[in-house]
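Enquirer: Please arrange chain B on chain A, whose structure you already have, making use of the hints.
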Amino acid sequence: MSISAAARSDTFPKLLAHHARVRGGRPAFRHKDLGIWQVWTWAQTHEEIRAFASGLSQLGIVCGDTVAIVGSNRPRLYWSITAAQMLGAIPVPVYADAVADEVAHVLVDAEVKLAVAQDQEQVDKIQSIAGRIPRLTKILYDEARGLRDYDHSHLHAIDDIIREGRDALGRDAQFASWLDREIEAGEGAAPSIILYTSGTTGRSKGVVLTGRGSIAAATDSVAFDRLGEADEAFAYLPMAWVGDHFLNYAKSMVAGFCVSCPESADTAMADMREIGPTYFFAPPRVLEQMLTRVLIRMEDASALKRGLFHYFLGLARRHGEKLLNGDKVSLTGRALYFVGRVLVYGPLMNALGFSRVRVALTAGEAIGGELFSFYRSLGLNLKQFYGQTEAFLCLTAQADGEVFPDTVGRVMPNVDLRIADDGEVQFKSPGMFVNYFRDPTRTSASMTADGYVKTGDAGFFDPKSGQLKIIDRVSDVGRLTDGTLFAPKYLENKLKFFPNIREVVAFGNGRDFVTVMLNIDLAAVGDWAERHNIAYASYQELAAHPEVYDLVARHVADVNRALADDGMMAQIRRFLILHKELDADDGEVTRTQKVRRPIVAERYASLINALYDGSHAADIATEVTFEDGRKGVLSARINIRDMEAAVPSAGPAHVAPARGAAERAA
Amino acid sequence: MTPRVTNHIAEILLSIENVSLSFGGVKAVAAVSFDIRKGEICAIIGPNGAGKTSMLNIINGFYHPQQGRITFKGVTRSKMRAYQAAAGGIARTFQNVALFRGMTVLDNIMAGRTLHMRRGFFLQLLRFGPAQTEEIAHRHRVEEIIDLLRIQSIRKTIVGQLPYGLQKRVELARALAMEPDLLLLDEPMAGMNVEEKEDMSRYILDVNRHQNMTIALIEHDMGVVMDLSDRVVVLDHGIKIAEGTPQEIKTNQAVINAYLGVAH
Numbered sequence: 000m001s002i003s004a005a006a007r008s009d010t011f012p013k014l015l016a017h018h019a020r021v022r023g024g025r026p027a028f029r030h031k032d033l034g035i036w037q038v039w040t041w042a043q044t045h046e047e048i049r050a051f052a053s054g055l056s057q058l059g060i061v062c063g064d065t066v067a068i069v070g071s072n073r074p075r076l077y078w079s080i081t082a083a084q085m086l087g088a089i090p091v092p093v094y095a096d097a098v099a100d101e102v103a104h105v106l107v108d109a110e111v112k113l114a115v116a117q118d119q120e121q122v123d124k125i126q127s128i129a130g131r132i133p134r135l136t137k138i139l140y141d142e143a144r145g146l147r148d149y150d151h152s153h154l155h156a157i158d159d160i161i162r163e164g165r166d167a168l169g170r171d172a173q174f175a176s177w178l179d180r181e182i183e184a185g186e187g188a189a190p191s192i193i194l195y196t197s198g199t200t201g202r203s204k205g206v207v208l209t210g211r212g213s214i215a216a217a218t219d220s221v222a223f224d225r226l227g228e229a230d231e232a233f234a235y236l237p238m239a240w241v242g243d244h245f246l247n248y249a250k251s252m253v254a255g256f257c258v259s260c261p262e263s264a265d266t267a268m269a270d271m272r273e274i275g276p277t278y279f280f281a282p283p284r285v286l287e288q289m290l291t292r293v294l295i296r297m298e299d300a301s302a303l304k305r306g307l308f309h310y311f312l313g314l315a316r317r318h319g320e321k322l323l324n325g326d327k328v329s330l331t332g333r334a335l336y337f338v339g340r341v342l343v344y345g346p347l348m349n350a351l352g353f354s355r356v357r358v359a360l361t362a363g364e365a366i367g368g369e370l371f372s373f374y375r376s377l378g379l380n381l382k383q384f385y386g387q388t389e390a391f392l393c394l395t396a397q398a399d400g401e402v403f404p405d406t407v408g409r410v411m412p413n414v415d416l417r418i419a420d421d422g423e424v425q426f427k428s429p430g431m432f433v434n435y436f437r438d439p440t441r442t443s444a445s446m447t448a449d450g451y452v453k454t455g456d457a458g459f460f461d462p463k464s465g466q467l468k469i470i471d472r473v474s475d476v477g478r479l480t481d482g483t484l485f486a487p488k489y490l491e492n493k494l495k496f497f498p499n500i501r502e503v504v505a506f507g508n509g510r511d512f513v514t515v516m517l518n519i520d521l522a523a524v525g526d527w528a529e530r531h532n533i534a535y536a537s538y539q540e541l542a543a544h545p546e547v548y549d550l551v552a553r554h555v556a557d558v559n560r561a562l563a564d565d566g567m568m569a570q571i572r573r574f575l576i577l578h579k580e581l582d583a584d585d586g587e588v589t590r591t592q593k594v595r596r597p598i599v600a601e602r603y604a605s606l607i608n609a610l611y612d613g614s615h616a617a618d619i620a621t622e623v624t625f626e627d628g629r630k631g632v633l634s635a636r637i638n639i640r641d642m643e644a645a646v647p648s649a650g651p652a653h654v655a656p657a658r659g660a661a662e663r664a665a
Numbered sequence: 000m001t002p003r004v005t006n007h008i009a010e011i012l013l014s015i016e017n018v019s020l021s022f023g024g025v026k027a028v029a030a031v032s033f034d035i036r037k038g039e040i041c042a043i044i045g046p047n048g049a050g051k052t053s054m055l056n057i058i059n060g061f062y063h064p065q066q067g068r069i070t071f072k073g074v075t076r077s078k079m080r081a082y083q084a085a086a087g088g089i090a091r092t093f094q095n096v097a098l099f100r101g102m103t104v105l106d107n108i109m110a111g112r113t114l115h116m117r118r119g120f121f122l123q124l125l126r127f128g129p130a131q132t133e134e135i136a137h138r139h140r141v142e143e144i145i146d147l148l149r150i151q152s153i154r155k156t157i158v159g160q161l162p163y164g165l166q167k168r169v170e171l172a173r174a175l176a177m178e179p180d181l182l183l184l185d186e187p188m189a190g191m192n193v194e195e196k197e198d199m200s201r202y203i204l205d206v207n208r209h210q211n212m213t214i215a216l217i218e219h220d221m222g223v224v225m226d227l228s229d230r231v232v233v234l235d236h237g238i239k240i241a242e243g244t245p246q247e248i249k250t251n252q253a254v255i256n257a258y259l260g261v262a263h
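Protein chains in written order, with numbering that gives the first Met the number 0: chain A, 0 to 665; chain B, 0 to 263.
Extracted from the complex, chain B is given alone in its bound form:
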């Protein structure tokens, strides 16, 4: 395989400038700035409580930062609702799987297509004419994702009956179904065994390469982070302490201190 060339002057998709967020007296994120470039896999790492998930929540509009600016696809804003973020092309998965447990895998992934559906509620209810044509087109897209993630055998299975590793994969599938410009993955490998992690890494790379999808992910498994990501952002106590290629981060003294602690 040829090594991938990361273009460091690639177009910036998302730019975080000086963003701060606090809950009461707790500063979750303090004056953090970094960019996510088009087509890259950017990992956000840090010890527990570093503010990683808060950062994702800020990016997809679930939390509103008290300070700072966020520029996504060239549009700058300080406040955005979650549904606006979704419509604008940001999709995410959650640390704890958040699927519709009583629905089939297929229905869950189809739900990811909702924002792309143009036909009215009643027409969809009747599955008539243009609504039917539209549903077939969406189903085709969903089937491509099912094929990409190799979940054909559980297509009609109720999500609640699936093991955890597969639920994670279904959640990724649903996020992909949105065809987002930016995919946020919150600990995609948490609670998985080595084999499942290898599979998941493979799928994340497939998605990144074949669909040229920009991905920001939070992950604790350093092996996975170093193998997958093009760039790594390190947070500690809400502050960005380092940013760079996996090689640079591995040798960064501030990062080593944050993870291992330092003698005072």
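For reference, chain A alone in the conformation it holds in the complex:
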């Protein structure tokens, strides 16, 4: 079988040669250009990349050099990765939307000698920082537009380099055989690529991966998802992200399937619909955007269509996931679901580009139960996995029939994963990174004495499913005074997955019990209030309404039940609804809507005290900043609600907490 043959290759250039031999006539890359899909077969791709490598060699790139790649998903940019690898050079993909300063950091840190840019925008960016990168000698570009008048002494079109490389190979047989020997002699244990982490926790680090390790990790994952040459993938996520590099580049190189690149970022979703991938990866926020777009468009549809949509969506919620999991469903249920598939689910999946998807994956952050169930109930085989750049992705993954919204699956074959005493997930895996590029201090800080990599994530194995659950960053996890584990984000996410709840801040580290302050979602709760004849004039009034408190209390009780089932987590004992929404203008959340805990704790100190001193209401006056910069004071009396602790249920585990959101309609 081809996968085992592929597994014997330990560098990507060797894999490419293998595919050119075995399936030379099958498509390897597609790119939409001038409205038409252009296709390159594996044989053509191999020929182009070999010529590209030859051209790079003519430009003076040698083994050990680093080559930056800045741009969005384009075949020629993917080729530049392999072309560099053929020469033993190390490609360094960079986020295309990064500002010049961030790009400069990576290019300086990686000491790049040559940069491959997508277009004028990226060329401009690199030229503006070129003075800071002493080793940078050449810039290549894919799209010539706008670059005609530029000084071309250090600037070349990729096509020209490929052509010159091809000429050199034709002219000089000795050089050609030297290049082929170089490719054949490629060392699997040598650095194959440097992927920079996105840097959410400080300065971004260059993760060095080897060819052998990358291919081993991708091979395990390909086998796990049973991918083959007939599969189709769609490349639309940033090339510099491990997600794209693993799922599109490495896995297609192992399995031999075709990767399609969109015409532009704006057309990606329409292009995906035309391609109809069989294998699809999306972080939760992309899935959420897609769902929102569908719901908004349905609001504009005719009453009949809207009625059908909502009826069959409700039906899907009841039966869809069970059918996907192979559970028992009544004959009527099956028949109705079939009708729904013809009338609603099929056309909807087609509109989203999911008609042919066999394996859909999501990862990167926690996904809301309702969002997850929505796609699964339509028949999309959406599954979660957990991994990180340092592991070259997959550490755990969900198998068919073992899919839950709040777990990330069982440990992958060949991965050694353990939970440290402080709850941190640690691993050894085939795709494990070598080090952080030229940063021995942080490399050793990320490893344990016995050679395990510290993920920085806290997690535990769910006793019922045997799957891993990730709860929070280790640094954020605390304990109550009685020693019970307290993971604020885990608990906050559980609450936030209810559409009615917008933002949550949990307290408990070093306290006797857990309390939360929350914001309701004005749109969702406003809608609910309208249907329940609850009049209100402002957010403040709605937030303080006793019935809204009842509504939220039910959600909190759901979460407590889920926490009780997890067994080891502290439950929420008191909560209050804030009189105003946490606002970036007031510095309470970042511009990307992440709560700034210290500031919130300071501004609402009186409320936090009240949460712990047993009082049932508290007064607060907060200074607010209006959008035009004026300041005012908002004062309110806020009620505090006590909650009972839930006991673990004896029933089936993994009732997704968010499904309780049906209460919205109740």
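Nothing false has been slipped in among the hints.
Here are the simulated DSSO-like pairs of lysine-lysine, each with C-alpha atoms no more than 30 Å apart in a straight line: (1) K26(B) x K249(B); (2) K304(A) x K155(B); (3) K196(B) x K31(A); (4) K31(A) x K155(B).
Ranges of calculated distance between the beta carbons of each label pair, as one might list FRET restraints: (5) A110(B) x T291(A): 30 to 38 Å; (6) I295(A) x L122(B): 39 to 47 Å; (7) N192(B) x D96(A): 18 to 26 Å; (8) L122(B) x G275(A): 27 to 35 Å; (9) D166(A) x R117(B): 39 to 47 Å; (10) Q57(A) x R201(B): 29 to 37 Å; (11) G275(A) x N192(B): 32 to 40 Å; (12) Q210(B) x D166(A): 28 to 36 Å; (13) H236(B) x E298(A): 49 to 57 Å; (14) T250(B) x D96(A): 38 to 46 Å; (15) A302(A) x G190(B): 33 to 41 Å.
FYI, nobody ran anything at the bench for these hints, they're computed from the structure.
Just so it is clear, CB atoms sit at the ideal spot from N, CA and C, and this is done for glycine as well.
Expert: Okay, now just chain B, sitting in the frame of chain A:
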């Protein structure tokens, strides 16, 4: 970037000589003369009611001047129908967008290719044989324009659903699809925000440079005019009061008076 050298002795594409146009007693254009040279961007500016749009309408044959001569590509004429102007290589966009609102962007731009289509009506209707080959060739040309103006994502969108700034861009695309010798733009940036104006300026420059397209444009945003154009013609009350490079116009006292008014 190297600065562009404007060739002031370049071939004259369009020559307006002594042209006058009046509506009843209103003199819209009075004895105006100027030239537009091949490959340049020529701006026509002036306060409201100066006769700028009338001038464009005269150039593309929509109005017929009572006096004067117009020489386009070496052919002199005093009267020309709008369709003759279009067939002769003059394309334009309008102050108020004039697209087919119910059609897709692609169809609108394809409509710009009509004058280049050689196959008969019925053959086109059947999309058969040579008509199909021809349509593919035209579609290829249209796709190049879509790529140039970066409107791939709205290719199949109905024009009526698009925001104003994009409609302006589609209108430019349709005019470009005619592959004209002279492109007339009537306030291409009207009603746009700064970012849209920057984009539009970029596209106009791209078209001018990469396709060596001669462009005459009317615009009120002086920043845009001064940045884009090689030469500026200033009209006021139907009379040409100045002509020259943006630098010359900026310091021209007659122009300053016309815009700011003078104490009498």
